[in-house]
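Read off the chains here:
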Amino acid sequence: MSLHRQVVAVLALVGIAIATYLWLHAIGVVGTLKCGTGGCEIVQASTYARLLGIPVAFYGVVGYVVLFGLAVAGAQPALVQRRWPTTWLVALSGAGFLFTLYLTSLEMFVIHAWCRWCLASAAVMTAIVVTSLAGFLRKS
Amino acid sequence: MKRFYGLLAVVAIAAVAFLIYSANQPAAAVPGAAASNVTVSAQDSAFPGYILGSDSAPVKVEEFADYECPICAMFATVQFPTIRDQLIKTGKVQWVLRDYPLPPTTHRWSHLAANAVACASEQGKAWDMIDAVFDHHDWALQGSNPTSVFRGLAQGIGVNPTTWDACVAADRYAGRIQASLSRGDALGVGGTPTFFIDGKEVASTDRSSDRFQRIVDSIIAAHPKKKK
Chain A
194 MSLHRQVVAV
204 LALVGIAIAT
214 YLWLHAIGVV
224 GTLKCGTGGC
234 EIVQASTYAR
244 LLGIPVAFYG
254 VVGYVVLFGL
264 AVAGAQPALV
274 QRRWPTTWLV
284 ALSGAGFLFT
294 LYLTSLEMFV
304 IHAWCRWCLA
314 SAAVMTAIVV
324 TSLAGFLRKS
Chain V
2 MKRFYGLLAV
12 VAIAAVAFLI
22 YSANQPAAAV
32 PGAAASNVTV
42 SAQDSAFPGY
52 ILGSDSAPVK
62 VEEFADYECP
72 ICAMFATVQF
82 PTIRDQLIKT
92 GKVQWVLRDY
102 PLPPTTHRWS
112 HLAANAVACA
122 SEQGKAWDMI
132 DAVFDHHDWA
142 LQGSNPTSVF
152 RGLAQGIGVN
162 PTTWDACVAA
172 DRYAGRIQAS
182 LSRGDALGVG
192 GTPTFFIDGK
202 EVASTDRSSD
212 RFQRIVDSII
222 AAHPKKKK
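Order-wise, the sequence lines are chains A and V.
For the working numbering, count along the first sequence from 1 and bump the result up by 193.
For the working numbering, count along the second sequence from 1 and bump the result up by 1.
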């Protein structure tokens, strides 16, 4: 019953790692992103890499941590039969997915450069929303 | 559940190991800074600089500039428009701008800026890019990597961004920039901007358009053959 929550937890952990990597770069802890095309530096140096003065990657870290916590909690025996963790996973990952869609469209239409790590994060977020939705539909 | 926690532990350990490894990598070189082993070809040395004005102009002014230098930017935005109108467009002066990027310890992004201009020049937009880099000089005050700013400026003047990206990433004109720098050193350039009018360095810190006008007029008056 909790398989989709376990999958989301693993995916969110991968997302935490990616977002943390980008965030550490944004605050200067990691010097150069390992990015084949060089597009990562262009995207990360653009004005769109910060939102309200905070690196966008930090919002990613927070978002993935929340999803991870929710998925792990929802996978516990005490909550595994409850529906609300999956509902929240769908809602939060849906919001994350829309934000990811916005960021990816900026790369495509405005910045005209691709950051592979950002795309990896987008893929992880897409997988999370699909998995959450699958769990939600299977239970309803 | 044991398998689940085991998988989480494996992913977590791999992630932490990768982040620690990344954070401990040697400090990256300044993005866009000149490589230490630049090869200067004969073609690089033959580059005549960014030319504005007629080849038949009686007076030639050679400027050595650093795009991050605030005085160069002030000259470019305050004095140069008048010089362009009154001396270059009238055919009295041919202006040649040469790159003289100061070391990264002084101006971190100078070489990158010179490369950004060079990469726009291969698409026929050298002076448009020079104007754009000086006109939007805020990038020099912010301290962060201005690649995306330069890219936006290049796009704004009609440069193909994909071609420009590849050129900048490859530091394609490092040799040409180095050749220009060496020429400046050979001429005794001690700072930027430095001007040579018909090969003679313009002393003093008066860089007004009026002064250039007076010097150019006096040269033309002293050498009647040079009259337009």
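For the record, the hints were derived by calculation from the structure and aren't laboratory data.
Don't be surprised by glycine CBs; every beta carbon is placed ideally from N, CA and C.
It is possible that part of the hints are untrue.
Stated by the list, open to error - Each computed DMTMM-like pair below joins lysine to aspartate or glutamate, with the alpha-carbon atoms no more than 20 Å apart:
no., chain 1, residue 1, chain 2, residue 2
1, V, Lys-90, V, Glu-123
2, A, Lys-227, V, Asp-86
3, V, Lys-126, V, Asp-172
4, V, Lys-126, V, Asp-186
5, A, Lys-227, V, Asp-56
6, V, Lys-201, V, Asp-186
Stated by the list, open to error - For the chain A half of the interface with chain V, some residues (derived, Cβ under 8 Å), not all of them:
no., residue
7, Gln-199
8, Val-203
9, Leu-206
10, Tyr-214
11, Leu-217
12, Ala-219
13, Val-222
14, Val-223
15, Gly-262
16, Ala-266
17, Thr-297
18, Met-301
19, Ala-306
Each hint tested on the structure:
1. In summary, the hint linking Lys-90(V) to Glu-123(V) is not supported, as the alpha carbons are separated by about 23 Å, beyond the 20 Å threshold.
2. At most 20 Å may separate the alpha-carbon atoms for a hinted pair to count; Lys-227(A) and Asp-86(V) exceed this at roughly 48 Å.
3. Note on Lys-126(V) and Asp-172(V): the hinted pairing holds, with a Cα-Cα distance of about 17 Å set against a maximum of 20 Å.
4. Distance check on the hinted pair: Lys-126(V) and Asp-186(V) sit about 27 Å apart at the alpha-carbon level, beyond 20 Å; violated.
5. A hinted pair counts as satisfied when its Cα atoms are at most 20 Å apart, and Lys-227(A) with Asp-56(V) does not qualify at roughly 47 Å.
6. Of the supplied pair hints, the one linking Lys-201(V) and Asp-186(V) holds, its CA atoms being roughly 15 Å apart against a limit of 20 Å.
7. The interface hint given for Gln-199(A) holds, since its Cβ lies 5 Å from the closest Cβ of chain V, which is under the 8 Å cut-off.
8. Checking Val-203(A) against chain V by beta carbon gives a least distance of about 6 Å; that is within 8 Å, so the hint holds.
9. Interface restraint check: Leu-206(A) against chain V, minimum CB-CB distance 5 Å, threshold 8 Å, status holds.
10. Interface restraint check: Tyr-214(A) against chain V, minimum CB-CB distance 6 Å, threshold 8 Å, status holds.
11. Because the closest C-beta pair between Leu-217(A) and chain V is about 6 Å apart, less than 8 Å, the hint holds.
12. A least Cβ separation of about 10 Å between Ala-219(A) and chain V goes past the 8 Å threshold, and the interface hint is therefore violated.
13. Residue-level restraint check for Val-222(A) holds (minimum Cβ-Cβ distance to chain V is 5 Å; threshold 8 Å).
14. The closest approach between the C-beta of Val-223(A) and any C-beta of chain V is roughly 5 Å, which is under the 8 Å cut-off, so the hint is satisfied.
15. Contact between Gly-262(A) and chain V, as hinted, is not supported at the beta carbon level, the nearest pair being about 12 Å apart and thus beyond 8 Å.
16. Against a cut-off of 8 Å between C-beta atoms, the interface hint on Ala-266(A) is violated, since the closest Cβ of chain V lies about 13 Å away.
17. The interface hint given for Thr-297(A) is violated, since its Cβ lies 17 Å from the closest Cβ of chain V, which is over the 8 Å cut-off.
18. Hint status for Met-301(A) relative to chain V: violated, with the closest Cβ pair at about 13 Å, above 8 Å.
19. Contact between Ala-306(A) and chain V, as hinted, is supported at the beta carbon level, the nearest pair being about 7 Å apart and thus within 8 Å.
Checked against the numbered hints above, the structure breaks hints 1, 2, 4, 5, 12, 15, 16, 17 and 18 and satisfies the rest.
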